[in-house]
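2 protein chains.
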Amino acid sequence: MKISEVASKTGLDAKTIRYYESIGLVELPDRLDNGYRDYSEQNIRQLWFLRHARQFGFSIDQCRELLALWADPQRRSAAVHQLVTEKVQDIDRHIRELKEMKKVLSELLVECPGNDSPHCAIINKLASDSE
Amino acid sequence: MKISEVASKTGLDAKTIRYYESIGLVELPDRLDNGYRDYSEQNIRQLWFLRHARQFGFSIDQCRELLALWADPQRRSAAVHQLVTEKVQDIDRHIRELKEMKKVLSELLVECPGNDSPHCAIINKLASDSE
DNA sequence: CCTAGACCCTACAGCAACTGGAAGGTCAAT
DNA sequence: ATTGACCTTCCAGTTGCTGTAGGGTCTAGG
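If you're matching them up, the sequences are chains Y and G in order.
Position one of the first sequence corresponds to residue 1 (the working numbering), numbered consecutively onward.
Position one of the second sequence corresponds to residue 1 (the working numbering), numbered consecutively onward.
If you are wondering where the hints come from, they were derived from the structure by calculation, not from laboratory data.
Be a bit skeptical, because a hint or two may be false.
As the list claims (entries may be wrong) - Lysine-lysine pairs mimicking PhoX-like chemistry, simulated, CA-CA at most 20 Å apart:
#1 Y:K87 - G:K103
#2 G:K15 - G:K2
#3 Y:K99 - G:K102
#4 Y:K87 - G:K2
#5 Y:K125 - Y:K103
#6 G:K103 - Y:K125
#7 Y:K99 - G:K103
#8 Y:K87 - G:K99
#9 Y:K87 - G:K102
#10 G:K125 - G:K103
#11 G:K99 - Y:K103
#12 Y:K9 - G:K125
#13 Y:K102 - Y:K125
#14 G:K125 - G:K102
#15 G:K99 - G:K125
#16 Y:K2 - Y:K15
Unchecked claim - What follows is a list of derived Cβ distance ranges for each label pair:
#17 G:G24 - Y:M1: 20 to 30 Å
#18 G:K15 - Y:S59: 54 to 64 Å
#19 Y:E65 - G:A71: 43 to 53 Å
#20 G:E41 - Y:R18: 48 to 58 Å
#21 Y:G24 - G:S128: 21 to 31 Å
#22 Y:H94 - G:G24: 27 to 37 Å
#23 Y:Q89 - G:Q55: 16 to 26 Å
#24 G:T16 - Y:R18: 28 to 38 Å
Note that CB positions come from ideal geometry on N, CA and C, so glycine has one too.
Whole structure, please, built from the sequences with the hints as guidance.
Right, dumping it as structure tokens:
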């Protein structure tokens, strides 16, 4: 199967697929006589895996670990459990940070008239010389 | 005032301050006879502003806009209001995405035994060939 | 006076995770 | 024979810094 078909199947961009190959994340696909990449079912399964893992917010390096765990019949599910637990904690921390940003910005929005006058609580807050 | 003092005052890294200068984000500080940067109160206020705006998650380009609005006595607070409203919407979208990731991962975590066996619902989910 | 250590300077390389573009080869249809 | 849609490689750019190399300057101590 050629790259654009794999791309539309997996939802990855052809560019992204080549990129994953270039950084050694996935196995090399075969090549046709004309040099075009020819993806096997196994190649495509790996790309699906990456698509999903990336959607869950795992970094490329974490994807590398996950792929290795997937490939390893001796894997301990505890290893996966830990990796994912840490990821969930990361996400939680991230959500907390975003909520705090949102909270402060929303409070400031209420105080900003949003009209033709230059006075603005947001600008004043940003310009203050303190934490 | 020299750069390291400004850095510890504003909480920005000296490298970051030079970087902001290099991309034309802030006014150029004076230089001492030895070539060292010499920051004025005005320079420092700009850096405080950037520190705050970055903490609120504004991109460098948005910071550029905000700095321009701050400097403009003719500004309309409506412009600031709109920029910040969009930012809050971005944050909201981001939070929603993260919550969805977290939800699915948490559900999978419950199904992953986290022991010595290789069976793992998370790996299975990632390996599935569907959305 | 010399030296060590803490500053400061510039300039370039690299990070994540792609994305875009240039320049060219291939293939199917008209 | 030519068009247009593919495919290839390689290199540059994105965001927002951070690290490193290679150097100059300043201050304190011996």
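- Please name the hints from earlier in the document that this structure breaks, with their numbers sorted from lowest to highest. 4, 6, 17 and 18
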